[in-house]
Each structure stands twice: as C-alpha cells, then as structure tokens.
Amino acid sequence: KQEVTQIPAALSVPEGENLVLNCSFTDSAIYNLQWFRQDPGKGLTSLLLIQSSQREQTSGRLNASLDKSSGRSTLYIAASQPGDSATYLCAEGNEKLTFGTGTRLTIIP
Amino acid sequence: GAVVSQHPSWVICKSGTSVKIECRSLDFQATTMFWYRQFPKQSLMLMATSNEGSKATYEQGVEKDKFLINHASLTLSTLTVTSAHPEDSSFYICSARDLRTWDGYTFGSGTRLTVV
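As given, the protein sequences belong to chains D and L, one line each in that order.
If you want our numbering, it's the position in the first sequence, counting the first as 1, plus 2.
If you want our numbering, it's the position in the second sequence, counting the first as 1, plus 24.
These aren't lab readings, by the way, just hints derived from the structure by calculation.
If a hint is listed, it holds; no wrong ones were tucked in.
Straight-line alpha carbon distances no greater than 16 Å define the calculated EDC-like cross-link-like pairs of lysine to aspartate or glutamate that follow:
no.	chain 1	residue 1	chain 2	residue 2
1	D	Lys98	L	Glu83
2	D	Lys98	L	Asp122
3	L	Lys44	L	Asp89
4	L	Lys90	L	Asp112
5	L	Lys88	L	Asp112
6	L	Lys90	L	Glu111
7	D	Lys3	L	Glu83
8	L	Lys38	L	Asp112
9	D	Lys98	D	Asp29
10	L	Lys44	L	Asp112
11	D	Lys70	D	Glu58
12	L	Lys65	D	Asp41
Looking from chain L toward chain D, a few residues come up when the C-beta cut is under 8 Å (computed):
no.	residue
13	Leu68
14	Gly132
15	Ser133
16	Gly134
What follows is a list of derived Cβ distance ranges for each label pair:
no.	chain 1	residue 1	chain 2	residue 2	range
17	D	Glu19	L	Val140	38 to 46 Å
18	L	Asp127	D	Ala80	20 to 28 Å
19	D	Gln4	L	Asp51	29 to 37 Å
20	L	Thr125	D	Ser26	25 to 33 Å
21	L	Asn94	D	Gly62	32 to 40 Å
22	D	Leu13	L	Arg136	20 to 28 Å
23	D	Pro42	L	Leu50	18 to 26 Å
24	D	Gly18	L	Lys44	45 to 53 Å
25	D	Glu97	L	Thr106	19 to 27 Å
26	D	Glu5	L	Ser33	24 to 32 Å
27	L	Arg136	D	Ile9	21 to 29 Å
28	L	Asp51	D	Ser61	17 to 25 Å
Positions of the beta carbon are idealized from the N, C-alpha and C atoms, including for glycine.
Model the full assembly from the supplied sequences, consistent with the hints where possible.
Structure, rendered in structure tokens:
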C-alpha cells in the first residue's frame with residue numbers, strides 16, 4: 003500500500019526566498035504525482051502534475067521534480083510571496099489518489 | 025481548465041438528519057468522480073469512487089449505507105450523509121478528471137459539515 007509523507011509539517015520563510023517542499027512515497031511504481039495547494043477551509047487547487055514517465059514540470063515560479071528511484075518529489079517555489087502562504091499537498095495515483103499530510107507554508111512579509 | 029462545482033460550501037444539521045452534497049463537473053463529462061473526507065489538520069482520505077450509472081465503490085471502513093452516493097448523470101454525483109452524527113462532522117471534497125486533457129484531477133471547493 004502506497005504511503006505518502008511530507009516533511010516538514012510546517013515551514014516559515016521570509017518573503018523573496020526560494021524554497022523546496024518535500025514529498026516521499028514508499029512504492030516507486032507510481033502513476034502520477036500531483037501537487038496541490040489548499041487555503042484554509044477551501045478546496046484544492048491543482049498546481050502541477052508529473053506523469054510517471056516525466057521528471058519535472060514547471061509553471062511560472064513553481065517547479066516540481068520526480069525521482070521514482072529514490073521515492074521523492076520536490077516542489078520548488080522561487081521568489082516566494084505572501085500569497086504563496088497555504089498548505090501544500092502532494093498526491094500519488096492514477097485514479098484513487100493517496101495524499102501526503104501536507105506542509106503548511108507561511109511566507110513572512 | 026476543468027471546473028468542478030460543489031454545493032453547499034457549508035452546512036449545519038442536527039443529529040439524526042440527512043444531508044446531501046452535490047458535485048458537478050461544469051465543462052466536461054465525468055464518468056467517475058471521487059469523494060474524499062478531511063478531518064482537521066489531517067490529509068484527505070478517499071471515501072468512495074462514484075461511477076455513472078452503476079454502484080459506487082467504497083473504501084475499506086466506509087459505511088455504504090451511511091454515505092449514499094448517486095451518480096445519475098455524466099456531470100453530477102451526490103453524497104448523502106444519512107442519520108448524521110457529530111463524528112461525521114468533517115470537510116468533504118469531491119474530485120473528477122477531464123479525460124480530454126492530462127491536467128490531473130480537479131477538486132471541488134469542499135463542504136464543511138457540522139453535525140450538532
């Protein structure tokens with residue numbers, strides 16, 4: 003059974019800094035790896051999807067990488083802004099998604 | 025991109041009553057939708073897979089008689105929490121995937137259910 007872990011659970015970073023969020027999974031035979039952000043009390047917004055055959059995806063200031071052999075994915079956020087403050091979730095799966103516990107990111111102005 | 029609409033966004037109900045939550049795919053058809061539950065400060069846990077025109081598939085430990093799922097059309101799935109109890113209070117979110125694209129899953133805005 004796939005298990006997805008995100009460490010740390012919370013992270014505070016001064017505005018303008020670059021940062022990396024980590025996602026680990028136990029079963030390297032993954033389908034897709036998707037990153038989401040969730041604002042308090044809200045639903046999920048999809049950020050990036052990495053298919054199993056891909057190694058990374060980029061969208062604006064966000065870059066997500068995937069290393070199946072080590073069971074890890076990272077989400078890189080460049081030039082962080084206060085609006086980036088949210089909980090970031092990674093999830094693995096083709097249809098049924100297995101979610102990590104999330105990293106609560108706070109960008110300090 | 026694909027849009028999934030979920031309604032209501034929040035609901036308060038008395039113990040013993042039933043609550044229906046709707047999940048609609050607005051600009052695409054979804055033969056399959058998924059229902060998740062999220063407890064405070066925890067991650068999302070899949071409850072069930074909603075299949076258009078057939079019975080839903082429930083995850084282990086989820087009571088199918090308590091969480092009724094109906095997927096009567098290609099754009100609408102409903103989750104009914106029957107005889108709700110305070111322990112059912114949670115955040116319920118649905119998702120669907122537009123198979124025309126490879127953009128991954130789109131989630132609704134969620135429903136905060138509070139049972140008093």
